[in-house]
Every structure is written in structure tokens, then in C-alpha cells.
Amino acid sequence: MNIKEAARKRHAVKKYTGKAIPADIVSLLNDKIMKINQSADLDLLLVTGKSDGLSNIAKFILSKGVKNYFILAGKESPELDEKLGYHGAELMLYSQMLGLNTWWVGGTYNSKNISKYFKSDEIIAKGIIVVGYGETQGVAHKCKKVEEIATYDGIAPQWFQEGIEFLLYAPTAYNKQDFVVKGNDNKVRLYSESGSFGEIETGIGKYHFEVGAGKENFEWIE
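All residue numbers for the sequence shown refer to numbering that gives the first Met the number 0, where the first residue is 0 and numbers rise by one.
Just so you know, the hints here were simulated from the structure itself, not pulled from any lab data.
Hints may contain errors.
[Said to hold, decoys possible] With a Cα cut of at most 20 Å, we get these calculated SDA-like pairs of lysine to any residue: (1) 14 to 173; (2) 143 to 181; (3) 125 to 55; (4) 3 to 111; (5) 74 to 115; (6) 49 to 99; (7) 214 to 180; (8) 175 to 156; (9) 115 to 50; (10) 82 to 14; (11) 66 to 121; (12) 143 to 82; (13) 214 to 164; (14) 8 to 161; (15) 49 to 118; (16) 82 to 198; (17) 115 to 125; (18) 3 to 96; (19) 181 to 156; (20) 111 to 14; (21) 18 to 150; (22) 49 to 38; (23) 125 to 156; (24) 66 to 180; (25) 175 to 214; (26) 125 to 23; (27) 214 to 137; (28) 63 to 109.
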């Protein structure tokens, strides 16, 4: 499975079989995390064999069989939320390519429990991503129409159209897809208007757009 196939097939999965992730897959996930942390100056972490990252309501009402999760964390900076969104999306699609399922948990996580995994008070956790083997592969979320979120100055090139296609596969809070995308020549501005989740969703959206459009075809502008 390549990354575009992963983006198309990835859906939120909240119920899991409880099957342990094999050691070789855990090793691949940890290698991926190490590379991201080094390049992006983040503190992402994989927790296996535990569900303590979920709040009680998430464990007993929303989910089932959760045994593993990524912690989205880093030192405070103006770019932290967007970086966590971008690289969290990267982890989700990488996991999908390895045959795993995921669920981004932005609100119903247990901040007290996940903070214990970090020795420094300077590290801030902003959410978790559940990962494991789902009971199902989930279902596709409803997507907005392209014209509801995107405009291009002139005739939109193929790369821009494909960028929007893959942007609409991205997970968002309450599936609102509050993205705004503006293109002109090879320059693109993308952001989310989703309130407190806006910067995280901007990062998620940028990663998905890059998957579709190809990073070599355009540049981001603010």
C-alpha cells in the first residue's frame, strides 16, 4: 500500500480487537517517531499495551479494545500545534500503510495520565492518536464540495485539484472540514477556521494536501 492508497483507505476506527502490535511493527513505528522528533523538534511517543491515554468516557462509551496510542507532544512554541497536526497525520498514514488503524483523539484524552510519560514540565501534550487493529476498517466521512473550501486564481492545475481531493480525506474535529484553500500560480495558502483545533487541523490538512499535490509542485505561503 502506498501513501495515496493509505489516505483513501484510512478512516476513524474506535473499536479494536485488542490484538498486540507485533514487535517488528512497533520497531518501525518507533523508528518513524525518532526521525520525526529529530527533524521537527517534537516529543512524540508510542505507548503500547495500555489504554490510560483515554478519558473514562472514551474508554467505556466511545471506544473498545484500545491498547496502544501515540502521544502528540512537544515544547511550547508558536508552531507547535501545526507541527503536531502535520506529523500526527504523517503517523496516521504511515500506520495505515503498515496495516494498522487509527483514531485521532483531540478532546477525550486523559492529560494527567499521558503527562507522566515525560520527565520535563516543558513538554506539552496536545492529544493522542489511538493505533491498533480495528474490528472494522471504518467508514468514509462525508466530504464538502471542492468549491466550498477552495479557490484558484485562473484554471486550477491538476496538482491543485489532487491536493484538494486528498485534503478532503483528512480527519477534522466533528468532521466539519473548516478548511480554506487559495491557490495562485504555484503558491498555496491553507488554513482551518476550526476554533481551538484550527492550527492542528491546518497541519493535518497541509500534510494531506502535499500527499495529493506533490510537494515539488508548489510552495506554501502565509
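Taking the hints in turn, this is what the structure says about them:
1. The straight-line distance between the Cα atoms of residue 14 and residue 173 is roughly 18 Å, inside the 20 Å bound, and the hint therefore holds.
2. For the suggested pair residue 143 and residue 181, the alpha carbons sit about 16 Å apart, so the restraint of at most 20 Å is met.
3. Between the alpha carbons of residue 125 and residue 55 the distance comes to roughly 18 Å, so the proposed pair stays at or under 20 Å and holds.
4. Of the supplied pair hints, the one linking residue 3 and residue 111 is violated, its CA atoms being roughly 36 Å apart against a limit of 20 Å.
5. Simply put, residue 74 and residue 115 have alpha-carbon atoms about 15 Å apart, close enough for the 20 Å limit, and the pair holds.
6. For the proposed pair residue 49 and residue 99, the alpha carbon gap of about 16 Å is at most 20 Å, so the pair holds.
7. Between residue 214 and residue 180 the alpha-carbon distance is near 16 Å, which keeps this suggested pair within the 20 Å criterion.
8. Taking the CA atoms of residue 175 and residue 156, the gap is near 26 Å; set against the 20 Å cutoff, the hint is violated.
9. Among the hinted pairs, residue 115 with residue 50 is consistent with the structure: their alpha-carbon atoms are about 14 Å apart, no more than 20 Å.
10. A C-alpha spacing of about 27 Å is found between residue 82 and residue 14, which places the hinted pair above 20 Å, so the restraint is violated.
11. A hinted pair counts as satisfied when its Cα atoms are at most 20 Å apart, and residue 66 with residue 121 does not qualify at roughly 27 Å.
12. Distance restraint check for residue 143 and residue 82: the Cα-Cα separation of roughly 25 Å exceeds the 20 Å cut-off, and the hinted pair is therefore not satisfied.
13. Proximity of residue 214 to residue 164 is assessed by CA-CA distance (about 15 Å); at most 20 Å being required, the pair is judged to hold.
14. Distance hint between residue 8 and residue 161 is fulfilled; the C-alpha atoms sit about 16 Å from each other, no more than 20 Å.
15. In summary, the hint linking residue 49 to residue 118 is supported, as the alpha carbons are separated by about 19 Å, within the 20 Å threshold.
16. Distance check on the hinted pair: residue 82 and residue 198 sit about 9 Å apart at the alpha-carbon level, within 20 Å; holds.
17. Restraint check: the Cα-Cα separation between residue 115 and residue 125 comes to about 14 Å, which is no more than 20 Å; the hinted pair holds.
18. Annotation: proposed proximity of residue 3 to residue 96 holds, straight-line Cα distance about 10 Å (limit 20 Å).
19. With a CA separation close to 13 Å, the supplied pair residue 181 and residue 156 stays within the 20 Å bound.
20. Straight-line distance between C-alpha atoms of residue 111 and residue 14 comes to about 23 Å, which puts the hinted pair past the 20 Å bound.
21. Of the pairs offered as hints, the one joining residue 18 and residue 150 is violated, with about 44 Å between alpha carbons and a cut-off of 20 Å exceeded.
22. Straight-line distance between C-alpha atoms of residue 49 and residue 38 comes to about 27 Å, which puts the hinted pair past the 20 Å bound.
23. Of the pairs offered as hints, the one joining residue 125 and residue 156 is violated, with about 36 Å between alpha carbons and a cut-off of 20 Å exceeded.
24. As the CA atoms of residue 66 and residue 180 are separated by approximately 37 Å, the hinted pair breaks the 20 Å bound.
25. Restraint check for residue 175 and residue 214: not satisfied, since their Cα atoms lie roughly 25 Å apart, outside the 20 Å limit.
26. Distance check on the hinted pair: residue 125 and residue 23 sit about 27 Å apart at the alpha-carbon level, beyond 20 Å; violated.
27. With a C-alpha separation of about 28 Å, the suggested pairing of residue 214 with residue 137 is violated against the 20 Å cut-off.
28. Among the hinted pairs, residue 63 with residue 109 is consistent with the structure: their alpha-carbon atoms are about 16 Å apart, no more than 20 Å.
This entry does not satisfy hints 4, 8, 10, 11, 12, 20, 21, 22, 23, 24, 25, 26 and 27, going by the numbered hints stated previously.
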